[in-house]
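Number of protein chains: 2
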Amino acid sequence: MTTAPSDPVAAVGVASQVVLSVDAMGGDKGPATVVAGLARFLADEPTARVILHGPEDQLTPMLAKRRIAGQVTVRHAKDIVAMKDKPSHVLRHGKDTSMWSAIEAVRNAEASVCISCGNTGALMAISMLRLRKADGVNRPAIACLWPSRNPAGFNIMLDAGADIRADQDDLLTYALMGASYARNGMGIVRPRVGLLNVGVEEHKGRAELKVAHELIGRAAPKGDFDYVGFVEGGDLPSARVDVIVTDGFTGNVALKTGEGTANLISELLKQAFNNSILSKFAALLAMTSLGRLRKRIDPRRVNGGVFLGLNKTVVKSHGGADATGVAAALHLAYRLGKSGFSDKLAARVATAVALAQDAHQEGVRPKTDAEDEQEQ
Amino acid sequence: MTTAPSDPVAAVGVASQVVLSVDAMGGDKGPATVVAGLARFLADEPTARVILHGPEDQLTPMLAKRRIAGQVTVRHAKDIVAMKDKPSHVLRHGKDTSMWSAIEAVRNAEASVCISCGNTGALMAISMLRLRKADGVNRPAIACLWPSRNPAGFNIMLDAGADIRADQDDLLTYALMGASYARNGMGIVRPRVGLLNVGVEEHKGRAELKVAHELIGRAAPKGDFDYVGFVEGGDLPSARVDVIVTDGFTGNVALKTGEGTANLISELLKQAFNNSILSKFAALLAMTSLGRLRKRIDPRRVNGGVFLGLNKTVVKSHGGADATGVAAALHLAYRLGKSGFSDKLAARVATAVALAQDAHQEGVRPKTDAEDEQEQ
Chain G
761 MTTAPSDPVA AVGVASQVVL SVDAMGGDKG PATVVAGLAR FLADEPTARV
811 ILHGPEDQLT PMLAKRRIAG QVTVRHAKDI VAMKDKPSHV LRHGKDTSMW
861 SAIEAVRNAE ASVCISCGNT GALMAISMLR LRKADGVNRP AIACLWPSRN
911 PAGFNIMLDA GADIRADQDD LLTYALMGAS YARNGMGIVR PRVGLLNVGV
961 EEHKGRAELK VAHELIGRAA PKGDFDYVGF VEGGDLPSAR VDVIVTDGFT
1011 GNVALKTGEG TANLISELLK QAFNNSILSK FAALLAMTSL GRLRKRIDPR
1061 RVNGGVFLGL NKTVVKSHGG ADATGVAAAL HLAYRLGKSG FSDKLAARVA
1111 TAVALAQDAH QEGVRPKTDA EDEQEQ
Chain U
761 MTTAPSDPVA AVGVASQVVL SVDAMGGDKG PATVVAGLAR FLADEPTARV
811 ILHGPEDQLT PMLAKRRIAG QVTVRHAKDI VAMKDKPSHV LRHGKDTSMW
861 SAIEAVRNAE ASVCISCGNT GALMAISMLR LRKADGVNRP AIACLWPSRN
911 PAGFNIMLDA GADIRADQDD LLTYALMGAS YARNGMGIVR PRVGLLNVGV
961 EEHKGRAELK VAHELIGRAA PKGDFDYVGF VEGGDLPSAR VDVIVTDGFT
1011 GNVALKTGEG TANLISELLK QAFNNSILSK FAALLAMTSL GRLRKRIDPR
1061 RVNGGVFLGL NKTVVKSHGG ADATGVAAAL HLAYRLGKSG FSDKLAARVA
1111 TAVALAQDAH QEGVRPKTDA EDEQEQ
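For the record, the sequence lines run as chains G and U. Residue numbers for the first sequence follow the numbering used here, beginning at 761 and rising by one. Residue numbers for the second sequence follow the numbering used here, beginning at 761 and rising by one.
Take the hints with a grain of salt, since some may be wrong.
[Unchecked claim] Simulated restraints on C-beta separations:
#	chain 1	residue 1	chain 2	residue 2	range
1	G	His853	U	Arg892	54 to 62 Å
2	G	Ile1037	U	Arg950	37 to 45 Å
3	U	Asp895	G	Ser1036	50 to 58 Å
4	G	Thr1084	U	Pro911	36 to 44 Å
5	G	Pro806	U	Gly947	55 to 63 Å
6	G	Pro911	U	Asp1103	34 to 42 Å
7	U	Asp895	G	Ile1037	53 to 61 Å
8	G	Ser1036	U	Asp1082	27 to 35 Å
9	G	His853	U	Gly1080	49 to 57 Å
10	U	Lys844	G	Gly947	32 to 40 Å
11	U	Leu1038	G	Gly947	47 to 55 Å
Simulated from the structure, these hints should not be mistaken for laboratory data. Beta carbons are placed, not taken as given, at the ideal position from N, Cα and C, and that holds for glycine.
Could you put together the complete structure from these sequences and hints?
Right, dumping it as structure tokens:
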């Protein structure tokens, strides 16, 4: 580890100081984009401090160019986790990577939140190994924000892709963790939780969803949230729910589908406004309103998945994030760091485990339903 | 069955005549919306003929009001399949429903394509019972159209929700059926097929997806399509693929997520243009371009899932479809009826079965991969 003698992080070691640990490498657009995002973030939060992990010879000139060297300490890491690297390979050979170093700084309590744009599977694997799952959590989840019709402007969806599987107990844990994130991270006092399915009817869906439906319903009163039952893909932006629970395979497909749809429409809008001299003139006149709209539906604005169910907080930025997206992820990490979210979540997870055990003792079991096959 | 003596369908019994069998009941908006959609469709296709199934006393005045009684025969059915009805219940007690009657008319070769806005599970269950699965098909699928960057303007996705499960062999069958639909229904000579996953890397995803990946890759040369490998949710509107294959749970969530996102953006656009007098003026100026855009991203325009893998063709319109949506489904059904799609697909499915058997004989098996759990 290489730290400059005049380490700005060490110098400003006050209790209220939020320090972020940022992996500079591994994003699709390279470290210059991460540093550009850092500069935008620090312009808004000048008291924040950052430990930036990656090859020192590359990063130091970038920080100088952006004039943020005073707020950012470079921690040298010679290796990079590539998008194609298998998590198992990274676990064995990745100790000199910027990603590993970034997580290590959170583990050592030098920083309160870790941020990376890199390989999600590797980031989760290292996080699980070094930060450990919170007591009673079998599968940690990634929670993402979804533009919605709610006054807050966002709903929370989890798991967005930490694990391709989730059984009924995992789905219950996700419900409680998601509710906690909504309460502590977004200020929603009594979050409404829904379970994603192919229909809102109780007889539809996979067997584990029917059991999770009962488990979550029973846990709601003690868990300080309202359970609205099954929701569908069309409810992700709905105002009737705040937290949508699903397995990581479905959640990942839904997330990328929503982003892809928004990007397509955004492209088509641009084309529409370039169609004629009249529509160009119209675009000029509409600029303010469309700017507001663009800001609202811009996927970069809601960039940053949060790993829930670990002993520390890790924010996964989208691999293809540009400087705006990176800055959004940093802002999210900063808010979470300031709120002391990790500790609050740990308490909530302990409750979740107790609730799950309660439910099991009360004998919630899958219904025998020979008609499952037909009832889609 | 009640048919008027002057049955227009019987009267125009020429070979090139396309007759559609339409379930008037079971949609969220009731039969008046279906009849309104019929009127729009028949204005474009005046030589088409329709058998309309439902309560005669309700339907006859509606047809008279729309002045389409000359092209539409009412076939009386007193019962209605409700959205909440379990498919198993409908199979036992649904013989007097409009949905059953609509499928029966296709089975009896009185009409070439059946269309319904009703309960998807019930429609699939009755279709499977009365029309039978095509030889060698284990799970029929619903194929839907997705707005895309391709010159055709659409990609095909299946299964959009016929069955919540699909194993590796089903996914191979979907690939071949989807390619056939793209070729025969949309004129794409050599369709490009992709398999939906949480990443494009070969080591990612569920075990059955890894096997399907190999099976589809091997089948591509003989199946007259190109296999582009794994695709992600963001590729649903992509120009690098024409047919996206997935299980019906994931496909249904993706479909509803895409629709929900498009609807949200459309609402926000309307709000944006009502924000100020300037933007209202802008909207007036931009009307032509935005109209084109609205038409392109309007979910009603791509309304109509096609059941693939049965011996006859069934088009499932969205339950919430309005008259525009119903008309779109009818146009789709009419194109398929004209093209003789059912027979062409049956031939293709036979090939699919042979190809799957070939692949199995060549010994494609799931890889043992202890790292599955970690590799998300």
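Q: Go through the numbered hints given earlier and state which of them the structure violates, listing their numbers in rising order.
A: Violated: hints 4, 6 and 11.
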